[in-house]
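K.L.:
Generate the whole structure from the sequences, applying the supplied hints.
Protein chains: 2
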Amino acid sequence: MFIFSNDDINAVLSMRDCIDAFEHTYRDVAAGQAVNGHRSDMITETARADSVYLLKMVGAVVPRYAIGAVRINSDILSFPTHNGKTRKVKIPAAAGNRWVGLVMLFNTQTGAPLALFPDGVIQRMRVGATSGLGVHYLARHDARTAAILGSGWQAGAQAQAIAAVRSLDKLYIYSPDETRRRIFAQQLEQQLSIPVEAAVSAEQAVRQADIVLCATNSLQPVLSHDWLRPGMHVGSIREGELAADELKIFDRIIVHDPGNMADDHLVVARGIEHREKSSPLMRTLDQAPALSALISGQVEARQSAAEITAFLNYHGLGYQFAAAGAVLLEKALAAGRGVELPDEWFTQDVHS
Amino acid sequence: MFIFSNDDINAVLSMRDCIDAFEHTYRDVAAGQAVNGHRSDMITETARADSVYLLKMVGAVVPRYAIGAVRINSDILSFPTHNGKTRKVKIPAAAGNRWVGLVMLFNTQTGAPLALFPDGVIQRMRVGATSGLGVHYLARHDARTAAILGSGWQAGAQAQAIAAVRSLDKLYIYSPDETRRRIFAQQLEQQLSIPVEAAVSAEQAVRQADIVLCATNSLQPVLSHDWLRPGMHVGSIREGELAADELKIFDRIIVHDPGNMADDHLVVARGIEHREKSSPLMRTLDQAPALSALISGQVEARQSAAEITAFLNYHGLGYQFAAAGAVLLEKALAAGRGVELPDEWFTQDVHS
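From first to last, the protein sequence lines are chains A and B.
For the first sequence, position 319 (counting from the first letter as 1) is numbered 319 according to the working numbering, and the numbering increases by one without interruption.
For the second sequence, position 295 (counting from the first letter as 1) is numbered 295 according to the working numbering, and the numbering increases by one without interruption.
One or more of the hints may lead you astray.
Note: identical chains are not told apart, hence a pair may lie in one copy or across any two.
[Said to hold, decoys possible] For lysine to any residue, the following SDA-like pairs were computed, each having C-alpha atoms within a straight-line distance of at most 20 Å:
#, residue 1, residue 2
1, Lys-56, Gly-32
2, Lys-56, Asp-41
3, Lys-56, Ala-66
4, Lys-90, Glu-344
5, Lys-56, His-38
6, Lys-88, Val-350
7, Lys-248, Gln-303
8, Lys-248, Arg-207
9, Lys-331, Glu-23
10, Lys-90, Ser-51
11, Lys-88, Asp-349
12, Lys-90, Arg-48
13, Lys-56, Gln-109
14, Lys-90, Asp-349
To be clear, the hints were calculated from the coordinates, so they are not data collected in a lab.
P.N.:
Printed below as a string of structure tokens:
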């Protein structure tokens with residue numbers, strides 16, 4: 001049983017490997033050869049009056065990799081209101097101002113636990129790799145320019161993902177803070193070895209791009225359909241980034257997994273998140289085809305160079321932790337990373 | 001973050017403490033002050049052709065103890081057929097012929113992980129403590145004799161549980177193997193400091209007892225309603241131990257949690273377990289009041305010395321791991337047990 005750190009994971013897990021593993025896995029999903037667990041959200045009071053405690057479990061088994069994965073999040077959530085809008089904020093309440101999210105992997109041939117590690121880096125990679133598959137299957141093959149809206153933790157992975165599936169001549173970055181977007185552009189230019197430019201507005205970035213990926217914390221739509229033109233592909237990782245009543249501009253919308261939305265309504269039902277099931281966005285999310293159907297050929301990809309396509313990469317799936325976990329395990333063990341703990345600590349000579 | 005072993009847990013976790021913690025917890029459950037997660041059963045192929053892999057997650061949060069608990073089972077299941085009956089057998093396929101079941105505890109005030117330990121001993125204690133609460137609330141207060149049918153791993157905890165809630169003059173043991181039941185009786189006599197007798201038949205044991213707890217692996221009913229008499233209490237921990245068409249003998253039936261049955265139908269739906277939702281047993285299990293309703297006074301307990309009562313302790317709940325885990329944590333830390341690992345391995349400075 002190995003313990004990996006986020007540093008271990010950063011050192012060995014590449015976006016390209018994740019995208020490849022996810023592509024195989026979504027094919028298996030479409031073929032019914034992988035199983036996703038129920039997501040369970042357990043919400044109770046916590047010590048802080050303005051907060052709640054959320055214990056969340058997801059899981060999946062991907063037989064191709066002989067891996068079962070469980071992801072557990074143990075979060076203190078607060079809901080600050082700013083300018084009349086309520087945001088959900090995770091409080092780093094563990095010692096040293098830290099957050100708690102863990103992934104545990106198991107071997108499906110022996111049942112044995114294989115690894116335990118924090119979910120932060122892998123979470124970011126999985127969101128990026130999934131957006132990358134959206135680009136791979138929906139964007140024009142000759143797309144050469146891209147824009148990232150956002151400059152945070154997730155935005156960097158989105159940039160890596162585009163660069164992994166398309167040969168870019170130019171990448172534009174926009175986020176409201178000028179210093180942040182400039183630094184972020186410099187970092188990406190070094191990291192991706194392509195020209196990266198900080199744009200002065202979202203509109204300027206979008207109007208120059210074939211592919212736009214939104215990776216913001218915004219509660220307001222971050223782009224206008226007026227800026228879009230035939231042949232573009234747009235990705236979004238957070239509800240609210242795209243105006244729900246402007247989704248009709250898209251000729252083709254693919255979502256991560258429509259069935260996966262249902263469980264999330266639990267959170268909504270408890271009044272923690274305010275979202276109408278009957279809203280235009282929810283109707284779209286419930287009815288659009290899944291990424292696995294796209295990848296397996298059950299639904300059509302882009303049908304012309306003029307289509308405007310969208311991939312709404314909302315709500316994760318347990319599969320992603322099993323698939324990225326399989327890559328991590330192989331690469332980390334090959335690189336001699338991690339702390340090995342005695343297997344006997346995590347197995348037993350009695351059974352329940 | 002502490003790692004505890006089954007030995008640590010055996011050394012510090014008492015049946016009395018578990019029963020007390022469960023009693024508080026079921027009151028909270030009835031009051032809506034604790035949350036149980038969805039159970040998720042993920043079943044796929046495994047290497048052995050005659051087996052399947054099952055990754056199972058349950059969880060719960062009990063604010064009284066500021067504890068969230070997740071239990072994960074990673075099992076290779078086979079289904080051998082013997083005399084036309086199919087049994088479910090967990091194969092100890094991990095290195096050293098070991099099984100894999102783990103519980104992880106989290107602090108609801110900080111989110112921090114607190115402990116990780118195997119589930120075997122605590123699973124047995126929780127089944128015992130729950131049966132003990134059934135006895136406490138349903139058996140006659142002047143019950144002085146008891147019978148345990150079974151001599152296995154669970155049977156010992158059932159005996160401890162009765163002894164914790166009633167002053168017994170005599171305990172009878174029956175299981176088919178004469179040597180096993182004799183040795184088990186001797187062990188219990190030493191452990192419980194009460195006279196324990198190995199009976200020559202289930203009927204002989206039952207006819208002499210005020211309280212009967214069944215804790216067998218039998219697929220056939222282990223007692224006949226002809227052996228029961230007014231004033232008795234019967235407990236069962238496994239479906240099939242009591243004849244479904246004889247349940248009408250009971251004046252009062254309490255089940256562990258009727259709502260909890262639903263998820264288990266998943267396993268049934270996959271043809272792994274063969275059980276009809278419309279069977280008399282399933283109808284009883286779906287309609288009978290829950291233990292939490294009994295303990296909180298929402299439904300009546302025994303109403304006369306003549307009633308024959310039953311508690312069907314089928315299907316665990318995540319709450320039990322949070323409640324027993326809270327006791328374990330307090331007692332084990334006070335006793336200096338466990339291996340402490342760095343908290344930073346299980347927390348992070350990024351969030352997902």
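K.L.:
Hint numbers the structure violates, sorted upward?
P.N.:
none
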